[in-house]
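Here the protein sequences line up with chains G and A, keeping their order. The first sequence begins at 12 in this note's numbering and counts up by one. The second sequence begins at -10 in this note's numbering and counts up by one.
One or more hints might be untrue.
Between beta-carbon pairs, the in silico distance windows are [claimed, not checked]: (1) G:85 <-> A:42: 39 to 47 Å; (2) G:70 <-> A:52: 19 to 27 Å; (3) G:64 <-> A:58: 40 to 48 Å; (4) A:66 <-> G:67: 41 to 49 Å; (5) G:64 <-> A:64: 23 to 31 Å.
DSS-like, lysine-lysine: derived pairs with alpha carbons at most 30 Å apart [what the hints assert, rightly or not]: (6) A:59 <-> A:46; (7) G:14 <-> A:46; (8) G:14 <-> G:63; (9) G:63 <-> G:80; (10) A:3 <-> G:14.
Bear in mind the hints are in silico, worked out from the structure with no lab data behind them. C-beta: ideal position from N, C-alpha, C; glycine also.
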Amino acid sequence: LAKTTQPISMDSYEGQEVNITCSHNNIATNDYITWYQQFPSQGPRFIIQGYKTKVTNEVASLFIPADRKSSTLSLPRVSLSDTAVYYCLVVGGSYIPTFGRGTSLIVHP
Amino acid sequence: DGGITQSPKYLFRKEGQNVTLSCEQNLNHDAMYWYRQDPGQGLRLIYYSQIVNDFQKGDIAEGYSVSREKKESFPLTVTSAQKNPTAFYLCASSSWGGNTEAFFGQGTRLTVV
Chain G
12 LAKTTQPISM
22 DSYEGQEVNI
32 TCSHNNIATN
42 DYITWYQQFP
52 SQGPRFIIQG
62 YKTKVTNEVA
72 SLFIPADRKS
82 STLSLPRVSL
92 SDTAVYYCLV
102 VGGSYIPTFG
112 RGTSLIVHP
Chain A
-10 DGGITQSPKY
0 LFRKEGQNVT
10 LSCEQNLNHD
20 AMYWYRQDPG
30 QGLRLIYYSQ
40 IVNDFQKGDI
50 AEGYSVSREK
60 KESFPLTVTS
70 AQKNPTAFYL
80 CASSSWGGNT
90 EAFFGQGTRL
100 TVV
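In isolation and in its complexed conformation, chain A is listed as follows (with noise of 0.2 Å):
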């Protein structure tokens, strides 16, 4: 079965401590990419990565980190820096340019307590 794994679907974070989220595709997808959705609203980029060992920042990318080691694999780092990390995180790929269609896992949402 090919597609997109997200894990945890849910996760809880004491303030001041890092966070993993893993990101796993079997599409053999080049590229790669992490956005945050708050309630009622779209979705902002996070970091995305076309390629293995690069990526790039996305919109709102401070107080987060990632790595490209592998083809299939892009976890996202929540760290303290980040202020306000409770959210509902989506991890995507796709096929590098023009007309491809994303596909996306099935999120992991995050809260602070």
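Next up, chain G with everything else stripped away, as it sits in the complex (with noise of 0.2 Å):
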């Protein structure tokens, strides 16, 4: 299972673009790269999913460098609702979620 490492926390201002990093040095060949959002007192929500290269939906964009030993979750122009916390996960075959810590973004007005 392929371990990742992302920033326990992050701060922003409302406007700005956030770059959230996560690390999975071990990933395998069939394993996708998958990030959540969560809010306070809900559970996870699917945020976008990614194999290679770049990913975009109307949320956020996934970037994916060629050896895919990390990956970089962007969400455009932050708002104070997208105070939450974000996890990375490498999902694969033997397919069973598992969470980190994840990293706690804080939007400043």
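Now that you have both chains on their own, put them together as the hints suggest.
Quick look at the structure:
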């Protein structure tokens, strides 16, 4: 199971772009990188998933370099409502979602 | 409306009592999971089930029990053997295998009084 490492916390201001990087040095060939968002007292919610290069949806972008040993979640123009914990997961064949402590993002006015 | 429902949202238990947390899904998912979350911590896996009538222990199964008699339901019992049961409990479901997305319920906050 690929272990992930991400910053414990980050601070930003409204309107800025936020980039959260996750390292996963022992990612396997058939693993995907998945990000979830969790608000206080709620269950995590899927944000985005990718295998390589770049993936974009209406919420975020995910950048994955060629060696796939890291990935970066990019949140464009954050607002106060983006204050949450963001989890990076590496998922593969025996899919048991494993969550670390995540990155606590605080967006300031 | 497809989704996963946990009940109750808040639960109070006296020490020494067993309590059962409900989790129901209508997403036709094979796999279901129970997690525990403590303040400021990530999610820790208690039990998971890949298929009806089968389940496996996760990282912190001691003091908990589950059943999977129906595809839609995966109740969790917190027994009196669980020494520190006060926590936020989350249930999730997904298709099994590969790059599938997990869907979570809204959680049950259990407090021992």
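Quick one: which hint numbers does this structure break? Sort them smallest to largest. Hint check: 2, 5, 10 fail, others pass.
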